[in-house]
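Participant: Can you build the whole structure from these sequences, using the hints too?
Quick note: the UniProt record's numbering has the sequence shown finishing at residue 213, numbered continuously throughout.
In short, the hints are calculated from the structure, not lab data. Since we're looking at a predicted model, the values are computed, not measured. For every residue, glycine included, the Cβ atom is placed at its ideal position computed from N, Cα and C. Check each hint, because a few of them may be wrong.
Pairs of lysine to aspartate or glutamate residues, derived as DMTMM-like cross-links and limited to a Cα-Cα distance of at most 25 Å, are as follows [to be verified]:
no., residue 1, residue 2
1, K131, D40
2, K131, E41
3, K131, D111
4, K131, D35
5, K131, D188
6, K131, E200
7, K131, D115
8, K131, E39
9, K131, D116
10, K131, E110
11, K131, D121
12, K131, D163
FRET-style restraints, in silico, Cβ to Cβ [as the list claims (entries may be wrong)]:
no., residue 1, residue 2, range
13, R26, G108, 38 to 48 Å
14, Q143, T210, 38 to 48 Å
15, T210, Q140, 36 to 46 Å
16, D102, R27, 32 to 42 Å
17, G97, E41, 16 to 26 Å
18, P147, W104, 15 to 25 Å
19, D50, D115, 28 to 38 Å
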Amino acid sequence: MTTYALIHGGGGSAWDWHLVVAQLRRRGHDAVAVDLPCEDESAGWQEYVDVVVDAIGDRGNVVVVGHSLGGFTAPLVCARVPVDLLVLIAAMVPSPGETFADWWGDSGYEDSGYDDVFYHDVPPELASEAKRRERGENSQALQQPCPLYAWPDTPTRYLLCRDDRMFTAAWARRHARERLDVAAGEIDGGHYISLSRPVEVADRLVAYATDIR
1 MTTYALIHGG
11 GGSAWDWHLV
21 VAQLRRRGHD
31 AVAVDLPCED
41 ESAGWQEYVD
51 VVVDAIGDRG
61 NVVVVGHSLG
71 GFTAPLVCAR
81 VPVDLLVLIA
91 AMVPSPGETF
101 ADWWGDSGYE
111 DSGYDDVFYH
121 DVPPELASEA
131 KRRERGENSQ
141 ALQQPCPLYA
151 WPDTPTRYLL
161 CRDDRMFTAA
171 WARRHARERL
181 DVAAGEIDGG
191 HYISLSRPVE
201 VADRLVAYAT
211 DIR
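Facilitator: Below, the structure is given as C-alpha coordinates:
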(Lines of atoms letter the chains of each structure in order from A and count residues from 1; the text may use other names and numbers.)
(Lines give C-alpha, C1' and ligand atoms only; values in the text may rest on other atoms or scores of the structure.)
Protein backbone atom coordinates (compact mmCIF):
# COMPACT_ATOMS: atom_id res chain seq x y z
CA MET A 1 0.00 0.00 0.00
CA THR A 2 1.23 3.47 -0.92
CA THR A 3 0.48 6.66 0.99
CA TYR A 4 -0.18 9.67 -1.21
CA ALA A 5 0.29 13.10 0.39
CA LEU A 6 -1.62 15.55 -1.79
CA ILE A 7 -0.75 19.26 -1.76
CA HIS A 8 -3.12 21.79 -3.33
CA GLY A 9 -2.26 24.86 -5.37
CA GLY A 10 -2.66 28.57 -4.72
CA GLY A 11 -5.94 29.53 -3.09
CA GLY A 12 -7.00 25.90 -2.95
CA SER A 13 -7.77 23.40 -0.22
CA ALA A 14 -7.75 19.70 0.58
CA TRP A 15 -11.18 19.54 -1.06
CA ASP A 16 -9.54 19.99 -4.48
CA TRP A 17 -8.27 16.42 -4.15
CA HIS A 18 -11.39 14.74 -2.75
CA LEU A 19 -12.24 12.85 -5.95
CA VAL A 20 -8.66 11.64 -6.38
CA VAL A 21 -8.52 10.58 -2.72
CA ALA A 22 -11.62 8.42 -3.26
CA GLN A 23 -10.13 6.83 -6.36
CA LEU A 24 -6.82 6.04 -4.66
CA ARG A 25 -8.58 4.47 -1.70
CA ARG A 26 -10.68 2.31 -4.02
CA ARG A 27 -7.40 1.01 -5.39
CA GLY A 28 -6.30 -0.05 -1.90
CA HIS A 29 -4.00 2.89 -1.13
CA ASP A 30 -3.96 5.55 1.57
CA ALA A 31 -4.30 9.22 0.70
CA VAL A 32 -4.10 12.36 2.80
CA ALA A 33 -4.90 15.81 1.45
CA VAL A 34 -3.92 18.88 3.45
CA ASP A 35 -5.13 22.43 3.97
CA LEU A 36 -2.05 24.63 3.80
CA PRO A 37 -2.08 27.71 6.07
CA CYS A 38 -2.31 30.08 3.11
CA GLU A 39 -4.63 32.54 4.91
CA ASP A 40 -2.34 32.81 7.95
CA GLU A 41 -0.23 35.94 7.50
CA SER A 42 2.38 34.58 9.93
CA ALA A 43 2.89 31.27 8.08
CA GLY A 44 6.10 30.72 6.14
CA TRP A 45 7.30 27.82 4.04
CA GLN A 46 8.31 25.85 7.12
CA GLU A 47 4.77 26.09 8.47
CA TYR A 48 3.46 24.85 5.13
CA VAL A 49 5.81 21.88 5.35
CA ASP A 50 4.83 21.21 8.97
CA VAL A 51 1.20 20.72 7.94
CA VAL A 52 2.14 18.09 5.36
CA VAL A 53 4.64 16.30 7.59
CA ASP A 54 2.09 16.15 10.41
CA ALA A 55 -0.50 14.69 8.04
CA ILE A 56 1.94 12.00 6.88
CA GLY A 57 2.75 11.06 10.46
CA ASP A 58 4.39 7.66 10.76
CA ARG A 59 3.10 6.35 7.42
CA GLY A 60 5.58 4.71 5.06
CA ASN A 61 5.81 4.20 1.29
CA VAL A 62 5.05 7.88 0.79
CA VAL A 63 4.49 9.61 -2.54
CA VAL A 64 4.25 13.40 -2.30
CA VAL A 65 2.12 15.11 -4.96
CA GLY A 66 2.18 18.87 -5.52
CA HIS A 67 -0.20 20.77 -7.80
CA SER A 68 0.51 24.23 -9.21
CA LEU A 69 1.86 26.44 -6.36
CA GLY A 70 2.11 23.22 -4.34
CA GLY A 71 5.31 22.69 -6.29
CA PHE A 72 7.01 25.07 -3.87
CA THR A 73 5.99 23.05 -0.80
CA ALA A 74 6.35 19.50 -2.16
CA PRO A 75 10.17 19.35 -2.50
CA LEU A 76 10.57 20.89 0.96
CA VAL A 77 8.59 17.97 2.39
CA CYS A 78 10.95 15.56 0.62
CA ALA A 79 13.89 17.33 2.23
CA ARG A 80 12.33 16.85 5.68
CA VAL A 81 11.04 13.25 5.72
CA PRO A 82 11.68 10.01 3.77
CA VAL A 83 9.68 10.06 0.53
CA ASP A 84 9.75 7.37 -2.18
CA LEU A 85 8.60 9.60 -5.04
CA LEU A 86 7.73 13.22 -5.78
CA VAL A 87 5.10 13.94 -8.44
CA LEU A 88 4.50 17.49 -9.66
CA ILE A 89 1.25 18.05 -11.55
CA ALA A 90 0.96 21.25 -13.62
CA ALA A 91 3.32 22.67 -11.04
CA MET A 92 5.69 25.52 -10.41
CA VAL A 93 9.24 24.23 -9.90
CA PRO A 94 11.23 26.58 -7.66
CA SER A 95 14.97 27.10 -7.73
CA PRO A 96 16.80 27.32 -4.40
CA GLY A 97 16.37 30.80 -2.93
CA GLU A 98 13.76 31.87 -5.47
CA THR A 99 10.70 33.82 -4.35
CA PHE A 100 7.20 33.37 -5.68
CA ALA A 101 7.34 36.82 -7.28
CA ASP A 102 10.67 36.14 -8.99
CA TRP A 103 9.61 32.72 -10.27
CA TRP A 104 7.38 34.14 -13.02
CA GLY A 105 10.17 36.00 -14.74
CA ASP A 106 12.94 33.52 -13.92
CA SER A 107 10.95 30.63 -15.39
CA GLY A 108 10.04 32.43 -18.59
CA TYR A 109 6.34 32.01 -17.85
CA GLU A 110 4.11 32.57 -20.86
CA ASP A 111 0.53 33.77 -20.35
CA SER A 112 -1.95 31.80 -22.47
CA GLY A 113 -4.22 34.82 -22.91
CA TYR A 114 -7.35 32.93 -21.80
CA ASP A 115 -9.76 34.39 -19.24
CA ASP A 116 -10.80 31.07 -17.68
CA VAL A 117 -7.49 29.36 -16.92
CA PHE A 118 -8.61 27.15 -14.04
CA TYR A 119 -11.99 25.50 -14.50
CA HIS A 120 -12.81 25.54 -18.22
CA ASP A 121 -13.10 21.72 -18.43
CA VAL A 122 -14.37 21.05 -14.90
CA PRO A 123 -18.06 20.01 -14.64
CA PRO A 124 -20.08 23.16 -13.84
CA GLU A 125 -21.30 21.99 -10.44
CA LEU A 126 -17.77 21.14 -9.33
CA ALA A 127 -16.40 24.38 -10.77
CA SER A 128 -18.96 26.41 -8.82
CA GLU A 129 -18.11 24.59 -5.61
CA ALA A 130 -14.39 25.04 -6.23
CA LYS A 131 -14.86 28.78 -6.69
CA ARG A 132 -16.93 28.96 -3.51
CA ARG A 133 -14.13 27.25 -1.59
CA GLU A 134 -11.28 29.39 -2.92
CA ARG A 135 -9.09 30.91 -0.22
CA GLY A 136 -6.76 33.89 -0.13
CA GLU A 137 -2.99 33.58 -0.37
CA ASN A 138 -2.01 35.96 2.44
CA SER A 139 0.86 34.10 4.11
CA GLN A 140 4.38 35.43 4.35
CA ALA A 141 5.58 32.28 2.57
CA LEU A 142 5.03 33.98 -0.78
CA GLN A 143 7.44 36.73 0.26
CA GLN A 144 10.16 34.32 1.42
CA PRO A 145 12.95 32.78 -0.69
CA CYS A 146 12.40 29.08 -1.26
CA PRO A 147 14.55 27.50 1.49
CA LEU A 148 15.91 24.69 -0.68
CA TYR A 149 19.68 24.29 -0.76
CA ALA A 150 19.36 21.87 -3.67
CA TRP A 151 16.64 19.73 -5.19
CA PRO A 152 15.98 16.76 -2.86
CA ASP A 153 17.45 13.38 -3.69
CA THR A 154 13.99 11.96 -4.41
CA PRO A 155 12.89 10.46 -7.73
CA THR A 156 10.77 13.15 -9.37
CA ARG A 157 8.11 13.03 -12.08
CA TYR A 158 6.47 16.01 -13.76
CA LEU A 159 2.98 15.57 -15.22
CA LEU A 160 1.67 18.33 -17.48
CA CYS A 161 -1.92 18.78 -18.61
CA ARG A 162 -2.25 19.07 -22.39
CA ASP A 163 -5.26 21.42 -22.20
CA ASP A 164 -3.88 23.57 -19.38
CA ARG A 165 -4.54 27.28 -19.93
CA MET A 166 -2.53 28.36 -16.89
CA PHE A 167 0.70 26.46 -17.59
CA THR A 168 0.44 25.59 -21.25
CA ALA A 169 1.79 22.26 -22.46
CA ALA A 170 4.60 23.80 -24.52
CA TRP A 171 5.76 25.96 -21.62
CA ALA A 172 5.46 23.09 -19.07
CA ARG A 173 7.55 20.77 -21.23
CA ARG A 174 10.31 23.37 -21.23
CA HIS A 175 9.92 24.11 -17.51
CA ALA A 176 10.30 20.44 -16.56
CA ARG A 177 13.33 20.06 -18.78
CA GLU A 178 15.05 23.26 -17.64
CA ARG A 179 14.33 22.97 -13.93
CA LEU A 180 14.39 19.20 -13.40
CA ASP A 181 16.16 17.81 -16.46
CA VAL A 182 13.24 15.42 -17.02
CA ALA A 183 10.83 14.81 -19.87
CA ALA A 184 7.35 15.62 -18.61
CA GLY A 185 4.62 13.02 -18.68
CA GLU A 186 1.41 14.20 -20.31
CA ILE A 187 -2.29 13.80 -19.63
CA ASP A 188 -5.39 15.26 -21.25
CA GLY A 189 -7.20 17.90 -19.24
CA GLY A 190 -6.94 21.42 -17.91
CA HIS A 191 -5.24 22.95 -14.89
CA TYR A 192 -7.67 21.53 -12.31
CA ILE A 193 -7.15 17.97 -13.49
CA SER A 194 -7.96 16.65 -10.00
CA LEU A 195 -11.56 17.76 -10.52
CA SER A 196 -11.95 17.18 -14.25
CA ARG A 197 -10.24 13.76 -14.58
CA PRO A 198 -9.75 12.19 -11.13
CA VAL A 199 -9.78 8.60 -12.41
CA GLU A 200 -6.99 9.29 -14.87
CA VAL A 201 -4.96 11.15 -12.23
CA ALA A 202 -5.28 8.26 -9.77
CA ASP A 203 -4.28 5.78 -12.46
CA ARG A 204 -1.20 7.80 -13.33
CA LEU A 205 -0.15 8.22 -9.68
CA VAL A 206 -0.46 4.49 -9.04
CA ALA A 207 1.51 3.73 -12.21
CA TYR A 208 4.30 6.11 -11.19
CA ALA A 209 4.56 4.50 -7.75
CA THR A 210 4.57 1.00 -9.25
CA ASP A 211 7.36 1.92 -11.67
CA ILE A 212 9.82 2.77 -8.89
CA ARG A 213 9.24 -0.42 -6.91
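Participant: If a hint holds in the structure, say so; if it doesn't, say that too.
Facilitator: Checked hints:
1. K131 x D40: Holds. K131 to D40 sits at ~20 Å (cutoff 25 Å).
2. K131 x E41: holds (22 Å)
3. K131 x D111: holds (21 Å)
4. K131 x D35: At roughly 16 Å apart (the allowed maximum being 25 Å), D35 and K131 satisfy the hint.
5. K131 x D188: OK: K131 and D188 at ~22 Å, within 25 Å.
6. K131 x E200: holds (23 Å)
7. K131 x D115: Holds, at about 15 Å.
8. K131 x E39: This hinted pair holds, its Cα atoms lying about 16 Å apart.
9. K131 x D116: OK: K131 and D116 at ~12 Å, within 25 Å.
10. K131 x E110: holds (24 Å)
11. K131 x D121: holds (14 Å)
12. K131 x D163: holds (20 Å)
13. R26 x G108: 38 to 48 Å: holds (39 Å)
14. Q143 x T210: 38 to 48 Å: holds (39 Å)
15. T210 x Q140: 36 to 46 Å: holds (39 Å)
16. D102 x R27: 32 to 42 Å: This hint holds: roughly 39 Å between Cβ atoms.
17. G97 x E41: 16 to 26 Å: holds (22 Å)
18. P147 x W104: 15 to 25 Å: Given about 19 Å between the Cβ atoms, the range holds.
19. D50 x D115: 28 to 38 Å: For D50 and D115 the Cβ distance comes to about 36 Å; the hint holds.
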